Amino acid sequence: MIGGSQAPSPQTYARGLEGLITGDTRISDIDGLTGRLTYRGYSIADLEANSSFEAVSYLILQGEVPTAAQLEDWQSELRRWRRPPRAAFDSLARVPRRAHPLAQYRTMLTVAACHTPEPENTTLDAQWRRPARILSWTSALAAAAIRHLDGLDAVEPNDELGFAANFLYQTLGVIPPDDEIRAFEASLIVQAEHGLHAAAFAALVVISTGADLGSAVLAGMGALSGARHGGANQLAFEMMAGFENADQARTWTRAALGRGHRFPGFGHRVYKCPDPRVRALEPHAERILRSHGLEHRWEIYTALRDEIESALGPKGIYANVDSITGLLYHPMGLPVSAFPIPFCLAIQTGWMAHCLEYLPDGPMIEPGAVYVGSADSS
Amino acid sequence: MRYKYLVTTLPTLSPSFDWRAERIDWPVRTEVGRGLSGVIATTTEVMWLDPASANLTYRGIPVETLATDNSFEEVASLLITGSMPESDPPGYSAFRDQLRSSRTLPSDVIGLIRDLDPKTHPTRLLRAGISALGCHELSVDDDLSGDRHWRELRIVGQVAALVGEVAAHRAGRASPVFGPSDSLAESVLIGLDGHRPDPADTRVLDLLWVLYAAHGLDAPTFTSMVVASCLADPYFNVVAGLSALRGPRQGGASEAVLDQLSSLDRPSSADRLVRRIIAGGEPIAGFGHRSYRMPDPRVAVLRRELAGLAERRARPEIFASARAIEIAAEAALAPRGIHVNINFYAAPIFHLLGADAALGPCLFAVGRTAGLVALVREAMDTIRLVRPLSRYVGPPERTLPGSGSA
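Protein chains in written order, with this note's numbering: chain A, 1 to 378; chain B, 1 to 406.
Because the hints were derived from the structure by calculation, they are not lab data. Just so it is clear, the structure is predicted and the values come from calculations on it, not from any experiment. Please note that the accuracy of each hint is not assured.
[What the hints assert, rightly or not] Which stretches of chain B does chain A cover? Using the computed rule of at least three CB atoms under 8 angstroms from a CB of chain A, they are:
hint	region
1	20-28
2	41-54
3	111-123
4	232-239
Positions of the beta carbon are idealized from the N, C-alpha and C atoms, including for glycine.
Please build the complete structure, drawing on both the sequences and the hints.
Take a look at the structure:
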């Protein structure tokens, strides 16, 4: 949100600030009626098919597609920060392994934030030096947090690999096949920015206090950890993994629809039509599942999707991105409780772009609360 | 009834709009100002800040009354549970036991803090500590929405324990030693200077926390509410809230107040100092508040407390300097509607209690956590995912160079 921009006034909005326009942005455009999502004017389908996560993160942050030289600089800046402070890794030994992986990852980030360069410098220049470090540090720390779930040590980065491939390598300990890297990178690209969703808004409130960009990202991560947000891809996958075949999924879904059940991974505050991120990822999910001999899981997904969309589509409920990412991540070897992590790594790009867009003139964000309690009782 | 609000714009930006209602029938139509001022983000029974007088009440009771008559723990109970100790003695007793017993930190959490450089900004140490504690409190199998009441209540005591630990680490001392019958204020003061505090000092810290406990949807509280709306566990909420605690526009203010105070060599130079700061286009630290344009009634309470504390510490010049700057700055700024705020006197009080400037936001955090927990818990009953919109004014649709078609 452009900090100096004035929101329209007056406005009508619902609980959860639904429908409230908070100001202007140049970062992304979401059309929830036709199902289009563009970053800086480029559709995610175009970016997913023709670009890399590095180039897309540059585009989201800087506003333009990088030239070859700019991309080279950005890639080397990202590689430069692939080795976070040792203390952040060591903090894993101080927390129980049964804690949620996102909570362990959160602790690594808070410890890393105690070792960050120029921590108290919140000039605009210093804030702009932070995105590369945040993207690369979080990638390495997230990989270590995931390995720690199985009691495995962290893996050194491989500087021959790009962002997506290196994350998978540091997480899995092996370089996955190209088509899996490709699918994973596609999931990062289509989830790299999504307007003022709750996590981006939380980050924006924090940056509006004059805090550093790392603090804003921590707040966004907290929001994303919630079951209504990033945690939804885990819940959606667990729902689908409970079925043995498509017929069983179809029968259960019909009965559940009759009971008015709410399905994780379906329905979205903004999209009242098919989610463009789902359309971009479906071909990748189908390909990866088939290559792993998991056709039945693809069939379960499509059965569920078709049943729910034909019953609830007229009410604007369609599969959202959380319904599909778990299907991609699971065959690659990512543990289910870690599914929110790749989403988090990707979408923090958008949070940082919104914060940097807001910073130059943005006032502190402080809405009001209406008192509905008793009158003075003194 | 719903229709009424759709056609009637609530004049929320008007100074005479008093932010009270029997209830809100969503959706609402309101004015929208800078930084979302005027926007109604939630309803609350916890506290009310009267924009016309800047009077603050918790559950209907004026905060000055509570500051005089009640301890911080009693006020935390009032904010969180809605009842005063005398109306439910067994309930209060259980509440206080929970609050105090949550101060036992796992050795791993103490170890994590002690491994960090003591010169790190203390709010960062506190945030790392609360995050690690959350890992010890909740496991991957926990129902994140269950049993919230006691868990979040524990956080208030846990923040106090961590602040004592961080203060001791910063001063190069061992972990503070205190017993289950010591109040939160006593244990934090032990962390601050290593000694059992004078009861008068405990009283001052309690009073400060009472005055700071809740103040509407300030940035830490509103951040936590947004995070809570996603159904995140309470430790994610508090880590996020602490991240919004000390931007220069938020809790960081107390550091600037102390710098300003120490730049004054004697009270009689206050006029000159104030004129120089204003002529340089800089703000006077500890002055101005965006919610209201009149003197904050909490200041009178703190001014008195600073006078007494400075006297006890044989440091009367601190009060004299602060008072001189206040008088000079009021004279210059009051005509513009800019008045002294609570940080102006809280900062030197924190200083005299043994906290260096950087610890100010941590001390503030203990008090504010009570209000934050109360407001977030209350909102959890009806909360919807907070997701506003922005208006796209960027480039029209385009295609990547070299891509066939998009």
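task = Apply the coverage criterion to the region 20-28 of chain B and chain A: a residue qualifies when its Cβ sits closer than 8 angstroms to a Cβ of the chain, and three qualifying residues are needed.
result = It holds, with 8 qualifying residues against the three required.
task = Check whether three or more residues of the region 41-54 of chain B sit with their beta carbon closer than 8 angstroms to a beta carbon of chain A.
result = Result for this restraint: holds, n = 8.
inquiry  = Cut-off 8 angstroms, C-beta pairs, minimum 3 residues; does the coverage of the region 232-239 of chain B by chain A stand?
reply    = holds (count 6)
ask   = With a cut-off of 8 angstroms between beta carbons, are at least three residues of the region 111-123 of chain B near chain A?
value = holds (count 7)
This entry satisfies every hint, going by the numbered hints stated previously.
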